[in-house]
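> Following the hints, put chains A and C in place on chain U, whose structure we already have.
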Amino acid sequence: MTTNQTKGKKKQEPAAERPGTAAARPGRSGGPSPLFAYAPAPESRTVVDIAPSYGLFVDGEFTEAADGRVFKTVSPATEEVLSEVARAGAADVDRAVGAARRAFPAWSALPGAERAKYLFRIARIIQERSRELAVLETLDNGKPIRETRDADLPLVAAHFFYYAGWADKLRHAGFGPEPRPLGVAGQVIPWNFPLLMLAWKVAPALATGNTVVLKPAETTPLSALFFADVCRQAGLPRGVVNILPGYGDTGAALVAHPDVDKVAFTGSTAVGKEIARTVAGTRKKLTLELGGKGANIVFDDAPVDQAVEGIVGGIFFNQGQVCCAGSRLLVQESIADELLASLKRRLTTLRLGDPLDKNTDIGAINSAEQLARITALAETGEAEGAERWTAPCDLPSSGYWFAPTLFTNVTQAHTVARDEIFGPVLSVLTFRTPDEAVAKANNSQYGLSAGVWTEKGSRILAVANKLRAGVVWSNTFNKFDPTSPFGGYKESGFGREGGRHGLEAYLDV
Amino acid sequence: MSTTAHDAPAAPPPDPATTLPSVPEQFAGATASNRALTRFLHGLPGVDPVGLEARAAALGTRSIKTTAKAYAIDLAISMIDLTTLEGADTPGKVRSLGAKGAQPDPTDRTAPRVAAVCVYPDMVATARQAVAGTGIKVASVATAFPAGRAALDVKLADVRSAVAAGADEVDMVIDRGAFLAGDYLKVYDEIRAVKEASGTARLKVIFETGELSTYDNIRRASWLGMIAGADFIKTSTGKVAVNATPANTLLMLEAVRDFRAQTGVQVGVKPAGGIRTSKDAIKFLVLVNETAGEDWLHQDWFRFGASSLLNDLLMQRQKLTTGRYSGPDYVTVD
Amino acid sequence: MSEPSAGTRLGVLKTYKLYVGGRFPRSESGRVYEVTDSKGAWLANAPRASRKDARDAVVAARKAFGGWSGATAYNRGQILYRIAEMLEGRREQFVREVADAEGLTRPKAAAQVDAAVDRWVWYAGWTDKVAQVFGGGNPVAGPYFNLSTPEPTGVVAVLAPGTPALLGLVSVLAPVIATGNTAVLVAGERAPLPALTLGEVLATSDLPGGVVNVLSGRTAEIAAPLAAHQDVNALDLTGADADLAKELETAAADNLKRVLRPQPVDGPGAADWTADPGTARLTAFLETKTVWHPTGALGVSGSSY
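If you read the sequences in order, they're chains U, A and C.
Per the numbering used here, the first sequence starts with residue 863, numbered consecutively.
Per the numbering used here, the second sequence starts with residue 4, numbered consecutively.
Per the numbering used here, the third sequence starts with residue 111, numbered consecutively.
Here chain U stands alone, though its shape is the one from the complex:
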């Protein structure tokens, strides 16, 4: 593990830096060179202008909360307060749902081609402002700029672009000749991909003619509030999109509001169940995208170097705070030692540190609360006898950090093999045969994602066919695309987001 410098390092004498002084030392264990230490390469913070305070975005305007409550949002990498944000209460939910309801008739009556153009505008403005939004997201969430720049923001824009195109083609989508929108969509999104989850929710809702009240997570409200500004620039009619920052009580009030027709939630399985109980017996259509404990299955004939990359990307992308993370490595026993050695070697090259540094691979954990949860589960893993390995790594002194960690000697009975950790912690289990691999992979309350690594085509298809998971990545992992439906089996939730399938959640079908 390389610690990414957060401050300029002491300038070395030129002579000491001369190449050639690093005499080859065959037989060493290898690893990156201390002489070729990458200098800090921070993305400039000046591209984003964060105001000291933000209101709720209701009916096209920023307003204070009815009861005047506010909360602070901090940078998880430094614990610096970024801004103070209005905290929506029940009265605000009522006001926002009312605004969305009033906006609904005109919005849903717009010709699809016109709705499409609003969404295309939004997609374009996001592309134009993507650097600003990437920096903002990195500041508020703690994830590396490399990810917000190369994954989150491009996907956000692509998602709006994709659903924009559907708005005037809904009758060709396979949901009948004239599918109707549902009305007001209440959407509650998590903190792990704040703007991307917003896009997954808002784009299909608007394309199909619904209006939206969206509650971002309490630790990451800023990008949603900047999105309100994108809506303003796009000229979106007032009330079509309303943003209500707040905590769980805000989300609960939104979900329970009687004038909401559609509820979409991404987050924990426990909250998902609570929401399912809340909407029971109502007309509200519900889609849930919840937790996971994805199995990444590596067979003895896998393309090993790519599998190692896939394992690393599968569990350490976004610090493992990903519902579809490949958090269980199932490796064929015959190659387990070799694969683990490669994996550990690779982990020593991961660079943890300043999320704004372009060379950072591992950023900060999103919140103190999440860090405590990860820490507690990792301690449980140790207490239950699993073997813990963490690459030597200096953690920054402020902010919330957790070094990438492996557990070996894990069995199905261990907590770290069953519970979603939602952090950079990989549990390694072994198997002997394909049957056993599938049985272990499916032995979970969840069913969101899985990975299969083998060069044998028929085995990929056979295993993929038997896995009870909504997304199966074979010889790759953690790939996303707006055209590709995403969602889980079992307690990972129901409904699909993305693709043609993603329209169904917002149509009266």
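Among the clues, some could well be false.
Unchecked claim - Taking lysine-lysine pairs in the DSS-like style, the calculated list, with each CA pair at most 27 Å apart, reads:
no., chain 1, residue 1, chain 2, residue 2
1, U, K1328, U, K1302
2, C, K149, C, K127
3, U, K979, U, K1031
4, A, K68, U, K1220
5, U, K1341, U, K1302
6, U, K1328, C, K239
7, C, K356, C, K162
8, U, K1302, U, K1135
9, U, K1220, A, K282
10, C, K162, C, K127
11, U, K1206, U, K1302
12, U, K1328, C, K173
13, U, K1135, C, K356
14, C, K173, C, K127
15, A, K282, A, K242
16, U, K1318, U, K1341
17, A, K96, A, K242
18, U, K1135, C, K162
19, C, K124, C, K218
20, C, K218, C, K149
21, U, K1206, U, K1220
22, A, K189, A, K242
23, U, K1031, C, K239
24, U, K1302, C, K173
25, A, K322, U, K1220
26, U, K1328, U, K1318
27, C, K124, C, K162
Bear in mind the hints are in silico, worked out from the structure with no lab data behind them.
Frame of chain U, contents of chains A and C only:
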């Protein structure tokens, strides 16, 4: 005059009494017959092209700035095999190449020297004179470069003439036809024979990865070359459409890394052809750094087969030194 | 009933039984309840299934799931068509049971039975089209092959509507099993006899045991353990009234069952069992699985930095 780049001990100093190294014991069985060799090479882990290229591209997004950039530029200069391989090569051309390699930037004598000059066998003697006393190595292509289509004795004669003329390093090409026909043992035997003919000269084995076409083949060729005793494995001749790429270089770096882990024997890597800018060269160094590791970050273990790359590195170097952008008129055209 | 007299033969009455795991057990509770015709006359004693019968049915349905979901779509279609054939062969019996249950004229009861037969035929033809219509390739922006395929959700508990006694239950059951789910069917409480007799049809139609399990009894009593059962994946509440539906949907949240809410009995949006069934019931109990695989190029590319 700066000699820093060559002060360090060139990793294992060639033993004058070197004879043909023995094949690492664990491969004795694998090289017993073409069938056994085929089984061994086809048993290597497969390569997923998309994953490999994605990893190479991801490493290409590393941002190398300031001190790290200065280090990398000098390191890259010191790793260049400054190359001229033209039908029109003359003694004058080769002499100026040698002078350029010895003193790349006449305006800044702290600029390091290149690792070697790389020429055809008939230019070795001229090159030898041109770099005398500088520590710069003379590398010669051989074995009927670039096609490699000649009888073995002709290839060996080619090698011997280069070594006799003073080549420190021999860049051979493998018989791609034999490789693609599945006659791995023929390729292996030929490498062994060339290794023997090279004597104390370090042997670079060129696969012409663009002609091997698949990454699986490149991995197999890498292991074949290493088992046969290559000191370096090299991507390309620079004479075909696809030469060094980040992906094929990454793949070969994985091979030398794994080979050392398995045998304790370290083998160098040389991407050649198509690397023209400092930015690209630095990205290749990132590949080395994060794949094989620091032990390969030295001219003894990593080379760039290039010519125009040097001037771009020098211009970047001037920019770092002076703070202003340089131009082609401020570097020499040799 | 008329007095027996010389020359007339006393009919042989059928003991109606549950259909679980391919067998015809009585309720483990030993309980029965009286089933009457539309005028209140006794027709039969139906088994009154208990929560343990519900549990056994779920076990049977789970056991059957692997084989049934793994069968070829063509094979499932053949079996559903076989059910139609067997039902057609027992047409007279079902016409009588439907007429008795609902107090319909013979022609109206016959029309319902015919419609039920035709519904099996409709769904028999769907089995091998579902994946083509609801799945497909997705043009992702990268070198990946990406395919979405519908798959059955698993074990589905189905509360059949009270009426129409045969067409209603066929309309809710057939789409569930057409796509490869297995079912625990709770017969309409008041008129369970067509459902129980349908079990006899299913048993003789090459349908593997356990794919459909038929329970009769008090709907609320049987449905509660099914809604709470952790090994049931989905719940079709068609046969539940609003209060029961809400209670069951709430219980179903414990393991996030997919829930199909009841349609209104009358008014706009009311169920019309004779209308074109559409595809909503087929897709209600499907999961979409999306599989990615790199494609890449045939040979090494010339791409560089």
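> Now, for every hint given, state plainly whether the structure supports it.
How the hints compare with the structure:
| no. | hint | verdict |
| --- | --- | --- |
| 1 | K1328(U) x K1302(U) | holds, 12 Å |
| 2 | K149(C) x K127(C) | holds, 23 Å |
| 3 | K979(U) x K1031(U) | holds, 13 Å |
| 4 | K68(A) x K1220(U) | holds, 11 Å |
| 5 | K1341(U) x K1302(U) | holds, 23 Å |
| 6 | K1328(U) x K239(C) | holds, 20 Å |
| 7 | K356(C) x K162(C) | holds, 23 Å |
| 8 | K1302(U) x K1135(U) | holds, 25 Å |
| 9 | K1220(U) x K282(A) | holds, 16 Å |
| 10 | K162(C) x K127(C) | holds, 15 Å |
| 11 | K1206(U) x K1302(U) | holds, 23 Å |
| 12 | K1328(U) x K173(C) | holds, 15 Å |
| 13 | K1135(U) x K356(C) | holds, 15 Å |
| 14 | K173(C) x K127(C) | holds, 21 Å |
| 15 | K282(A) x K242(A) | holds, 23 Å |
| 16 | K1318(U) x K1341(U) | holds, 21 Å |
| 17 | K96(A) x K242(A) | holds, 19 Å |
| 18 | K1135(U) x K162(C) | holds, 26 Å |
| 19 | K124(C) x K218(C) | holds, 24 Å |
| 20 | K218(C) x K149(C) | holds, 17 Å |
| 21 | K1206(U) x K1220(U) | holds, 23 Å |
| 22 | K189(A) x K242(A) | holds, 23 Å |
| 23 | K1031(U) x K239(C) | holds, 23 Å |
| 24 | K1302(U) x K173(C) | holds, 18 Å |
| 25 | K322(A) x K1220(U) | holds, 22 Å |
| 26 | K1328(U) x K1318(U) | holds, 16 Å |
| 27 | K124(C) x K162(C) | holds, 24 Å |
Checked against the numbered hints listed earlier, the structure breaks none of them; every hint is satisfied.
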